[in-house]
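Peer 1: First to last, the sequence lines map onto chains Y and A.
Going by our numbering, the final residue of the first sequence carries number 320, and the count climbs one at a time with no gaps.
Going by our numbering, the final residue of the second sequence carries number 1068, and the count climbs one at a time with no gaps.
FYI, nobody ran anything at the bench for these hints, they're computed from the structure.
Please note that a few of the clues may not be correct.
[Claimed, not checked] In silico lysine to aspartate or glutamate, EDC-like type, Cα no more than 20 Å apart, as pairs:
id : chain 1 : residue 1 : chain 2 : residue 2
1  : Y       : Lys-207   : Y       : Glu-169
2  : Y       : Lys-165   : A       : Glu-954
3  : Y       : Lys-165   : Y       : Glu-189
4  : Y       : Lys-207   : Y       : Asp-185
5  : Y       : Lys-159   : A       : Glu-954
6  : Y       : Lys-88    : Y       : Glu-288
What you are looking at is a predicted structure, and each value in this text was computed from that prediction instead of being measured.
For reference, the chains in residue letters:
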Amino acid sequence: MARNFFTVMRSSAPTRTASPASNQTPSGQVTAPPPNMKQDAAAGVGVHLDPNLEAVRHDFTEEVETALQLRNVSAFYGSFQAIDKMTMPIPRNRVTALIGPSGCGKSTLLRCFNRMNDLIPGARIEGEIEFEGRNLIDPNVDAVEVRRRIGMVFQKPNPFPKSIYENVAFGARINGYSGDMDRLVEDSLRRAALWDEVKDELDKSGLALSGGQQQRLCIARAIAVQPEIILMDEPASALDPVATLKIEDLMRELAEEYTIVVVTHNMQQAGRVSDYTAFLLAGEERVGRLVEFGPTQDIFTNPIDQRTEDYITGRYG
Amino acid sequence: MSAATPTAGITPYAPRIRARRGLSVGFMVIALLAITASMLMLGALIVEIAVDGAARLFTDGSATVQEVRGETLIDLPTPENMNWLAWAMPVAILLPFLGLRVVRSLIADIPALAERAIGFATTLPVAVFVHILYVRFESAYYIEYAKAIGVDGASGNIFQLFAEASGFQFVRLIVAGLILPLGIIAAGWFWSNRLRRPSLLLPAIATAAWVVYLFLDPFFLSSYPSRLPAQAGLFSAITGTLYMMVITAAVAFPLGVGAAIYLEEYARRNWFSRMIQVNISNLAGVPSIIYGLLGLQVFVRVLEFERSVLAGACTMALLVMPIIIVSAQEALRTVPPSMREAAYAVGATRWQVIRFHVLPYAFGGMLTGNILAMSRAIGETAPLIAIGALTFIAFLADSPTDDFTVMPIQVFNWVTRPQSGFHEIAASGIIVLMLVLLVMNAAAIVMRQRTRTDW
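Isolated chain Y (complex conformation) (with noise of 0.2 Å):
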C-alpha cells in the first residue's frame, strides 16, 4: 500500500516537481549514489548532527520546546546491541513518528523512554536520555515515577480483564490521586473519544469491549495518570482502518496536550498524524541506528540520506 502510494506519487507524475532530490535518482535506476547522502545534500537542505554517525537532520522551521533529548543511546539486551548511539531531541507537543523497517530497534528505543525494558532480564541502556533536567537512565532515578510521567499504549490493546471504570480509575488509584475519582474517569473516557460509547456500561469487562474501544481505553487509562509523555508502540497495527482512524484523530488531538511518540509501520499513517519523524535502520550487523530526523513534511517530501528516501518509496523494509 505504501509502496504504491509513493511510488505513484513520485515516478508517474512528472508535472509535480515534488524535490529535486527525487528527479535526481528516477526509481529505475539500477547504480545508486555515494551512499548514504545525496549529492545535493550539502547544499544547504540538511546538515549532519554527527559526520561518524551518519545521522542527518533537518533543520526546524518553527520554534519548539524539548521533552527529551537523546544523546548517544545505545540499548543492549545481553550482549546483542539493539540500537547504536542515537542522538535526537523529541519536540514537546508534537506528535513523533519512529519509522523504520522491522527490527531497526524502534520498539526498544520507545521502550527505553520510559524504562520499560528494566523489566527484561539483562537488558540494559547507555547515553543520556534528558527529561526535564535529569537523566531518565541513570538507576538512581525512579522508573516508577518515569512510567507515571511517560506513559505508555501497546501494541496490542490490553485492557485489564476489570471494569471499565476500573480500568481507568487504576493508574490514578495507586498513585495516591484523592481527587474526585468519578470525574476523573469521565475526563479521561471523553479525552480518549470513548465516554459516549460507554457512559451506560462503565461495570462492564473493559475485555467485552471491541478492539478500538479496547485501545481507546488504554489510551483513556494512560492519560488518567496525567502523563506529560504518551508513548505508543504500533497503537493501531491490531485495529481496521475505521478503528485506525479514530486513533489517529485522537493523537492528533492529545498532541495539544501531551508529547506523543509513536511507532509505526504504515507510513502513511506516520505521514498524516506526525509532525517529526525520525527514521531508524539496521544495518548488517542488526544493530538499529538513527538515519534522518526532522519534520515529517520535510522527510517525505524532502528526504536528504538515500536510504531513507529508498524506505519511504518503499524499495526496501
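Chain Y is already provided as a structure; the job is to place chain A on it using the hints.
Peer 2: The following block gives chain A in isolation, referenced to the frame of chain Y:
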C-alpha cells in the same frame, strides 16, 4: 384475496423441516429397550427401597434390639441386605444416559409438555428424599414409642402400612410406569439446553444425597470408634481430618503461594533459582513415608508438638507444598506479560502489579491447585502413622495440641481387625473418604472453569 391466492400455498420460506436425526432403527430399539429396562429397574428400586427397604433399612424392620451389659443396642442393617443394590444401582443410573439421545428426540416432538410440569417432575427426587427423611425420623420415634408402650420390635411403619393398604403392586406399577419415565424425559429436556442444564443440579444433588443416605447410616458419621462394629463410627476421624486439613491449608497455602510468587516474579534466573526449581520437582516425588519420618523428628520430637493435630498438619503441609508451589507457578505463568506491562506502564510498583493484577488473575488457578493438594493430603496415611496418630479416639480434639485421628487411619485400623463387621464398616469408611475426595476434585474443576479469564 385473489391477489393472495397464487401464493397461498407457497410461503416465501420453505416449510420447517425437522432434520432427521441420524439414528438407525436398531439403535433406537436398543435404546428404547434400555430406557424401558432402566425405568423398570429404577422404579423397582425406588419401590423396593421405599416400601420393603424402608422396613428393613430404616431401623425398625430388621433392627434387633440387644441388651448388652444393661445397655440397649440397636443392631443396624448390614450391607449383606443390600448386595443387590450394588449392581442394580449403576446399571439403572447408566442406562438412561445411554438412551439420552433418543429421549431428546422424543421430547422434541412433545411440545405440549408444560415447562412447569416438567420442572415439578424433575424435583420429584427431592420430594422422595424429603419424604424418606421424614419416614426415617418418624420410624426412629416409632421404635422409641413401641418400646415405650411395650411392643417388642416394630413391625412396620406408616409407609409400609400405606403400601400394604393401597396394594403393593399397584404402587410399584404407578411409580415405575409413570413417574420415572416423566422424570427421565424431563431430565433429558433440561439437559438438552445449555441454559436449562443448571436447573438439573438440585435434583441431581438430591438424588445423589438420597442414594448416599440410603447406603449410609447417620450414626456411622456421628459415632465414635467402638469395639462393636455396629456402634463404631467415623465421627472423630472426620472431625480430625477437617481439623488437620484446615491447619494444613493455613500453613501450606501462604507458604506455597509465597514461594511461587518469589520464584516467578522476583527471583533472578540464575543457578540458585534453577536449583530450587529442580528440588521442588524432586520433593514432589519423595515417598510420603519419608515426610512422616521427617515430621516425626522435626515436629514431634525437636519442636515437641507431640502426636498432635499440629504435628500432623505441619507434616502434611510439607508433603503437599511442592504440589501447591508448582500449581501456583503454573497459575502465575498464565497471566500474560502484557497485563504486567500494562500495569507497570501506569506507574505501578512491582508489588502493586502482583497485588492488584497478577495475584487476582491467578488466584483461581492457585485455589484449584490447593484443593487438589488438599485432596492428596486427605488420603495420605503413611506419614501420619509414622508420626503416631492414634487409631482409637473417643473424643474430639479441642486444641491443635490434642491427639487426633483421620479417616484413612481409621479405615486402616478397621481393615486390620479380624471381625468381619469391621471390614464392612471399613468399606463404608472408604466410600465416605471417596465421596469427600470426589466433591473436592469436582469443586476444583468447577472453580477452574469459573475463574478462567479469556484474554
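Peer 1: Are the hints correct? Go through all of them and say.
Peer 2: Against the structure, the hints come out as follows:
Between Lys-207/Y and Glu-169/Y the alpha-carbon distance is near 10 Å, which keeps this suggested pair within the 20 Å criterion. Under the criterion of a C-alpha separation no larger than 20 Å, the hint pairing Lys-165/Y with Glu-954/A is consistent with the structure, at around 16 Å. For the suggested pair Lys-165/Y and Glu-189/Y, the alpha carbons sit about 17 Å apart, so the restraint of at most 20 Å is met. Simply put, Lys-207/Y and Asp-185/Y have alpha-carbon atoms about 16 Å apart, close enough for the 20 Å limit, and the pair holds.
As the CA atoms of Lys-159/Y and Glu-954/A are separated by approximately 11 Å, the hinted pair is consistent with the 20 Å bound. Restraint check for Lys-88/Y and Glu-288/Y: satisfied, since their Cα atoms lie roughly 15 Å apart, inside the 20 Å limit.
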